[in-house]
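For the record, the sequence lines run as chains A and B. Numbering of the first sequence is given in this note's numbering, commencing with residue 1 and proceeding in unit increments. Numbering of the second sequence is given in this note's numbering, commencing with residue 1 and proceeding in unit increments.
For the record, the hints were derived by calculation from the structure and aren't laboratory data. This one's a predicted model, so the numbers in the text were calculated from it and none came from an experiment. Take these hints with a grain of salt, some might be off.
[To be verified] Each computed SDA-like pair below joins lysine to any residue, with the alpha-carbon atoms no more than 25 Å apart:
id	chain 1	residue 1	chain 2	residue 2
1	A	K203	B	K335
2	A	K147	B	E449
3	B	K632	B	R642
4	A	K147	B	K632
5	B	K151	A	D212
6	B	K34	A	S187
7	B	K437	B	E449
8	B	K304	A	L211
9	A	K150	B	K632
10	B	K151	A	R167
11	A	K203	B	T445
12	A	K150	B	E449
13	B	K305	B	A528
14	B	K151	A	L211
[Claimed, not checked] Estimated spans, in silico, between C-beta atoms of each pair:
id	chain 1	residue 1	chain 2	residue 2	range
15	A	K79	B	E298	57 to 67 Å
16	B	R296	A	F128	50 to 60 Å
17	B	T636	A	K162	52 to 62 Å
18	B	P146	A	K162	44 to 54 Å
19	A	S129	B	R302	23 to 33 Å
20	A	K162	B	R530	26 to 36 Å
21	A	G197	B	D299	22 to 32 Å
22	B	E9	A	G108	51 to 61 Å
23	B	A102	A	Y265	50 to 60 Å
24	B	K326	A	K150	50 to 60 Å
Glycine included, every Cβ here is placed at the ideal spot set by N, Cα and C.
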Amino acid sequence: MKDTEGYVTADGRQIGGVLMEMRDITLKFGGVVAINDISFDIREGEIRAIIGPNGAGKSSMLNIISGFYTPSVGEVWYKGSKRPPMKPYEVARQGVARTFQNIALFEGMTVLDNVMTGRLTHMHAGVFSQALWWGKARDEEMENREKVEKVIDFLEIQAIRKTPVGRLPYGLKKRVELARALAAEPSILLLDEPMAGMNVEEKEDMSRFILDVNDEFGTTIALIEHDMGVVMDLSDRVVVMDYGKKIGDGTPDEVRNNQDVIDAYLGVPH
Amino acid sequence: MAYMSEGAEGLRSVPALLQRNATRYADSPAYREKEYGIWQSWTWAETAQEIEALALGLLNLGVNKGDHIAIIGRNRPYLYWSMVAAQSVGAVPVPLYQDAVAEEMEYVLGHCGARFVIAADQEQVDKVIEIQDDLHQFEHMIYVDPRGMRKYDHSRLHEYSHVQNQGRAAYDEYIKELDARRGALGYDDTCVMLYTSGTTGKPKGVVLSNRNIIEAAKSSSEFDSLRQSDSVLAYLPMAWVGDFIFSIGQAYWTGFCVNCPEASSTMYENLHEIGPTYFFAPPRYFEERITALVIRMEDAGRFKKWLFDTFMAHAREVGPKLLDGKPVGFMDRLKYALGEVLIYGPVRNRAGMSRVRVAYTAGEAIGPEIFDFWRALGINLKQLYGQTEASVFITVQPDGEVRSDTVGVPAPGVEIRIGESGEVYYRSPGTFVEYYKNPESTADTKDAEGWVATGDAGFIEEGTGHLRIIDRAKDVGNMADGGLFAPKYVENKLKFYPNILEAVVFGAGRDMCCAFINIDLTAVGNWAERNNIAYASYQELAGHPKVLEMIQGHVEETNASVAEDDMLSGCQVHRFLVLHKELDADDGELTRTRKVRRKIIGEKFEDLVTALYDGSDDVYTETEVTYEDGRKGKITATLKIRDAKVVPVTRAKVAAE
Numbered sequence: 001m002k003d004t005e006g007y008v009t010a011d012g013r014q015i016g017g018v019l020m021e022m023r024d025i026t027l028k029f030g031g032v033v034a035i036n037d038i039s040f041d042i043r044e045g046e047i048r049a050i051i052g053p054n055g056a057g058k059s060s061m062l063n064i065i066s067g068f069y070t071p072s073v074g075e076v077w078y079k080g081s082k083r084p085p086m087k088p089y090e091v092a093r094q095g096v097a098r099t100f101q102n103i104a105l106f107e108g109m110t111v112l113d114n115v116m117t118g119r120l121t122h123m124h125a126g127v128f129s130q131a132l133w134w135g136k137a138r139d140e141e142m143e144n145r146e147k148v149e150k151v152i153d154f155l156e157i158q159a160i161r162k163t164p165v166g167r168l169p170y171g172l173k174k175r176v177e178l179a180r181a182l183a184a185e186p187s188i189l190l191l192d193e194p195m196a197g198m199n200v201e202e203k204e205d206m207s208r209f210i211l212d213v214n215d216e217f218g219t220t221i222a223l224i225e226h227d228m229g230v231v232m233d234l235s236d237r238v239v240v241m242d243y244g245k246k247i248g249d250g251t252p253d254e255v256r257n258n259q260d261v262i263d264a265y266l267g268v269p270h
Numbered sequence: 001m002a003y004m005s006e007g008a009e010g011l012r013s014v015p016a017l018l019q020r021n022a023t024r025y026a027d028s029p030a031y032r033e034k035e036y037g038i039w040q041s042w043t044w045a046e047t048a049q050e051i052e053a054l055a056l057g058l059l060n061l062g063v064n065k066g067d068h069i070a071i072i073g074r075n076r077p078y079l080y081w082s083m084v085a086a087q088s089v090g091a092v093p094v095p096l097y098q099d100a101v102a103e104e105m106e107y108v109l110g111h112c113g114a115r116f117v118i119a120a121d122q123e124q125v126d127k128v129i130e131i132q133d134d135l136h137q138f139e140h141m142i143y144v145d146p147r148g149m150r151k152y153d154h155s156r157l158h159e160y161s162h163v164q165n166q167g168r169a170a171y172d173e174y175i176k177e178l179d180a181r182r183g184a185l186g187y188d189d190t191c192v193m194l195y196t197s198g199t200t201g202k203p204k205g206v207v208l209s210n211r212n213i214i215e216a217a218k219s220s221s222e223f224d225s226l227r228q229s230d231s232v233l234a235y236l237p238m239a240w241v242g243d244f245i246f247s248i249g250q251a252y253w254t255g256f257c258v259n260c261p262e263a264s265s266t267m268y269e270n271l272h273e274i275g276p277t278y279f280f281a282p283p284r285y286f287e288e289r290i291t292a293l294v295i296r297m298e299d300a301g302r303f304k305k306w307l308f309d310t311f312m313a314h315a316r317e318v319g320p321k322l323l324d325g326k327p328v329g330f331m332d333r334l335k336y337a338l339g340e341v342l343i344y345g346p347v348r349n350r351a352g353m354s355r356v357r358v359a360y361t362a363g364e365a366i367g368p369e370i371f372d373f374w375r376a377l378g379i380n381l382k383q384l385y386g387q388t389e390a391s392v393f394i395t396v397q398p399d400g401e402v403r404s405d406t407v408g409v410p411a412p413g414v415e416i417r418i419g420e421s422g423e424v425y426y427r428s429p430g431t432f433v434e435y436y437k438n439p440e441s442t443a444d445t446k447d448a449e450g451w452v453a454t455g456d457a458g459f460i461e462e463g464t465g466h467l468r469i470i471d472r473a474k475d476v477g478n479m480a481d482g483g484l485f486a487p488k489y490v491e492n493k494l495k496f497y498p499n500i501l502e503a504v505v506f507g508a509g510r511d512m513c514c515a516f517i518n519i520d521l522t523a524v525g526n527w528a529e530r531n532n533i534a535y536a537s538y539q540e541l542a543g544h545p546k547v548l549e550m551i552q553g554h555v556e557e558t559n560a561s562v563a564e565d566d567m568l569s570g571c572q573v574h575r576f577l578v579l580h581k582e583l584d585a586d587d588g589e590l591t592r593t594r595k596v597r598r599k600i601i602g603e604k605f606e607d608l609v610t611a612l613y614d615g616s617d618d619v620y621t622e623t624e625v626t627y628e629d630g631r632k633g634k635i636t637a638t639l640k641i642r643d644a645k646v647v648p649v650t651r652a653k654v655a656a657e
């Protein structure tokens, strides 16, 4: 790792060295270039936002980080070493957890069970032990349940613990999804449009939770978001993408004053 | 030091009761709280240790005798311990309403001159920080939940557990001082100071002594033969005197267990899990649960619905009689027993009332149907009448003499008389010491002989000796034609309809009565769903012609019932409107205990009151509202005003004297 110094944020938080680095990433689907030679890094403890107009390639970038896509060209460096091509579950085991833009929960299962699935990467008991719920499986489940309960408490969803997810309103589902990702105790948390479709109050709640997660657990967060107000308030550094290219990178203030970014969002006569 | 030998059984303070319980009931649970999905519990011995550690920590922070320590947050063991720890070091605990906005807190904190604040979490800490520059005596704040607090300036902020740890570490240094302060607590020293919400004016700090609290707790515990094995759910605001009496006074006197819910939103579930044996709730709670139950039954299958209706009808007839030990025929008993298995038992269980021996409701009048519903299920629901100044108890209903229209006979040790104006006066060992820093109000309320004016008009029923409350004395007035005007009487009748959440009746000095109505969103929303009425907002539903029609029906039925009362027949509602917003404590329209602030509402909605009386059919209005985060906004609406049928009465002319 070349840079381990980090920096101090405006509100006085110490940000560490580089946790994940994207080097010259290009992603092609046939003839379509979704991501065109992009490099940026995510540092330990920071809230890093990826923004851009529709179709800019933000979700594709998140999918590369989570291992769902393998870049056509370029390398992903994680915790100081180059990451070989991996299956998403292998990436998850390395401490990368995510939420989805269009909620991907098990609708028929309770909130508790859904959040418990977030602990799967930490469970190792065999099929036999699991089926009998005895020995290792039982000890493991108790240990994991304790961790899950802390997350439930943290996100204030105690009242819906036993409610099937399918019966919950949208805003709460989003929170349950965050809970599931958090239950995995990730080193880096990927949030794909955590505020999409929320009302003002729900957005405020979610913002507070994101800040609290970062503050309390020191979790590094990378998020994609459309709501510019939210992004500028929450994040320490912002990457701006447009048509698969990186057009800006820096603190919210720097990005806000970047002419290319303004053009991309407001449009310029061609 | 003659008074030092006083005190019930020689116990002169809550910390003294704690010491007794820690020895006598050492291994019995004193507190439970659900956290991380599990009920965590503390025995009396552990509780005593926790409180001692905190008390030592408070000494370490420099708490002096007579300091005021404000306590803000939802019901948690840690905050109850804070109160007793404060008492242990000779300070005065002042619990505050946790949902109060910063300005309201500023008044109370400034008035009592609190040097220390113990707050539950970041939300409460933020509120105090917002106003701390205006609080000259404020020095240190302690918070329980460290979440989100990392970045705060900790020069005057301390984490609860750290304060306890520092207290434990400084044990040798401070234990002598602590023992001395605990030992010096006298029976007439202040136990707690509670601010009354006040339907008018600024809140007043009611000073209650150890004598007040312990005597009230003792006699009321004996009245209902509360036991050490009882348990209660603590969910009502800690700043309210009832919670202090139930969760501290009676709990420490009898040594029963206080259970704290996981969060306010899980209260129903936690109630079900704990199954308290002694329960207290305001009428609104009992009403809400029935509304929820009835709504569920509307969606149930036909057979189940039939079963429910049939057996509930039977229960209404037989249940209360069984409870009161009156004679009931064999077949009726058999049918009730069958209903017990099929309906009553399960309903009680779902409501978390399976083990309830005694349940109380107070604070407001309860609708007879609601009251009878719970008694029909075999729950010993009773009414009591009280106020902060009396350490709760003025009158209570003894077992076997329970009725919905009276509030019972004087509680043990309480004397009652009715003043010439019809106002109720009482005198008791629980009678408050004074209003803090307010001798004029103290003198206005309490006379030299210790009689306290309740501010309520009522009378003692002949024959039974039960007290009946008519209304707030200052609200009772006359109409233009001289007829008696008692708004609460009419409002209560209106509120007994599940569809009506709140009602405000105007008419003092006028020639007719008019009313504002608030619909109950749960009940009316469900009704709308079943009748295919689409609506997008509260405001739209409240203004829907069909809803107005339904409310009109309720008003007219109420009028018919009011007309039957000779004295109050003039109070029939001639015109009414349904408000476009729910009356809210944040907007100052209700008190924190949800009582209507008549005068403020009258002033705030003056345009609407004018429209009610000038005969117009509709009125355009703009209202400022406060959102939960403190921001203000405006809502506009055009409200329809409806005329309700009234029953013509020929009032017997009062003979000229």
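Going through the hints against the structure:
1. A:K203 - B:K335: violated, 54 Å
2. A:K147 - B:E449: Violated. K147 of chain A to E449 of chain B sits at ~61 Å, over the 25 Å cutoff.
3. B:K632 - B:R642: Answer violated: K632 of chain B to R642 of chain B is near 30 Å, above 25 Å.
4. A:K147 - B:K632: violated, 40 Å
5. B:K151 - A:D212: holds, 11 Å
6. B:K34 - A:S187: With Cα atoms ~29 Å apart, K34 of chain B and S187 of chain A exceed 25 Å; violated.
7. B:K437 - B:E449: Holds - the C-alpha atoms of E449 of chain B and K437 of chain B are around 21 Å apart, at most 25 Å.
8. B:K304 - A:L211: violated, 49 Å
9. A:K150 - B:K632: With Cα atoms ~35 Å apart, K150 of chain A and K632 of chain B exceed 25 Å; violated.
10. B:K151 - A:R167: violated, 37 Å
11. A:K203 - B:T445: violated, 49 Å
12. A:K150 - B:E449: violated, 56 Å
13. B:K305 - B:A528: holds, 20 Å
14. B:K151 - A:L211: holds, 12 Å
15. A:K79 - B:E298: 57 to 67 Å: For E298 of chain B against K79 of chain A, whose Cβ atoms are near 58 Å apart, the range 57 to 67 Å holds.
16. B:R296 - A:F128: 50 to 60 Å: violated, 43 Å
17. B:T636 - A:K162: 52 to 62 Å: Since T636 of chain B and K162 of chain A have Cβ atoms about 42 Å apart, the given range 52 to 62 Å is violated.
18. B:P146 - A:K162: 44 to 54 Å: Hint violated: Cβ distance 28 Å, outside 44 to 54 Å.
19. A:S129 - B:R302: 23 to 33 Å: violated, 48 Å
20. A:K162 - B:R530: 26 to 36 Å: holds, 27 Å
21. A:G197 - B:D299: 22 to 32 Å: holds, 28 Å
22. B:E9 - A:G108: 51 to 61 Å: This hint holds: roughly 59 Å between Cβ atoms.
23. B:A102 - A:Y265: 50 to 60 Å: Check failed, 37 Å falls outside 50 to 60 Å.
24. B:K326 - A:K150: 50 to 60 Å: holds, 54 Å
The structure shown violates the earlier hints numbered 1, 2, 3, 4, 6, 8, 9, 10, 11, 12, 16, 17, 18, 19 and 23.
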